[in-house]
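Numbering of the sequence shown is given in this note's numbering, commencing with residue 37 and proceeding in unit increments.
The reader is advised that the hints may include incorrect statements.
To be verified - Label-pair distances were calculated between CB atoms; the ranges are: (1) ARG82 x PRO43: 16 to 26 Å; (2) ARG74 x ASP96: 17 to 27 Å; (3) PRO43 x VAL115: 27 to 37 Å; (4) HIS94 x GLU73: 36 to 46 Å; (5) GLY77 x ARG52: 16 to 26 Å.
Bear in mind the hints are in silico, worked out from the structure with no lab data behind them. This one's a predicted model, so the numbers in the text were calculated from it and none came from an experiment. For each residue, glycine too, the CB sits at the ideal point set by N, CA and C.
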Amino acid sequence: MSGVSDPRACRDLWRRVLLTVVLDLKSADRIAQRTAERWVGPHPSRDFREVCELAGFHPDRTHAALSALLPSSPKERAVRIRALRHGTGEMLDAA
37 MSGVSDPRAC RDLWRRVLLT VVLDLKSADR IAQRTAERWV GPHPSRDFRE VCELAGFHPD
97 RTHAALSALL PSSPKERAVR IRALRHGTGE MLDAA
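Turn these sequences into a full structure, and let the hints guide you.
What follows is the structure, encoded as structure tokens:
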């Protein structure tokens, strides 16, 4: 059983937060999309950086990957995310 102090469990929790953002970016739910888009933003916020670090991801690279999706439609985002999953996009493996 893993407790709150289990580093792997904590990292996995923050990875799920990032996964939720990815899923929201390609969601049909416009409110979820907009919330995720604002959270990603034009520049990585302090919160964004902290979540990435806690998840074990490089904040600048993660932000670059996610912000590159923003100009696309949700359908285009889904296609690009699938392509990343099959390439080198380790963060998107579970999307």
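Quick rundown of the hints versus the structure:
1. ARG82 x PRO43: 16 to 26 Å: Taking Cβ atoms as reference, ARG82 and PRO43 lie about 22 Å apart, which means the hint holds.
2. ARG74 x ASP96: 17 to 27 Å: Because 19 Å falls inside the window, the suggested range holds.
3. PRO43 x VAL115: 27 to 37 Å: Holds, at about 34 Å.
4. HIS94 x GLU73: 36 to 46 Å: With Cβ atoms ~21 Å apart, the hint is violated.
5. GLY77 x ARG52: 16 to 26 Å: Given a distance of about 20 Å, which is inside 16 to 26 Å, the answer is holds.
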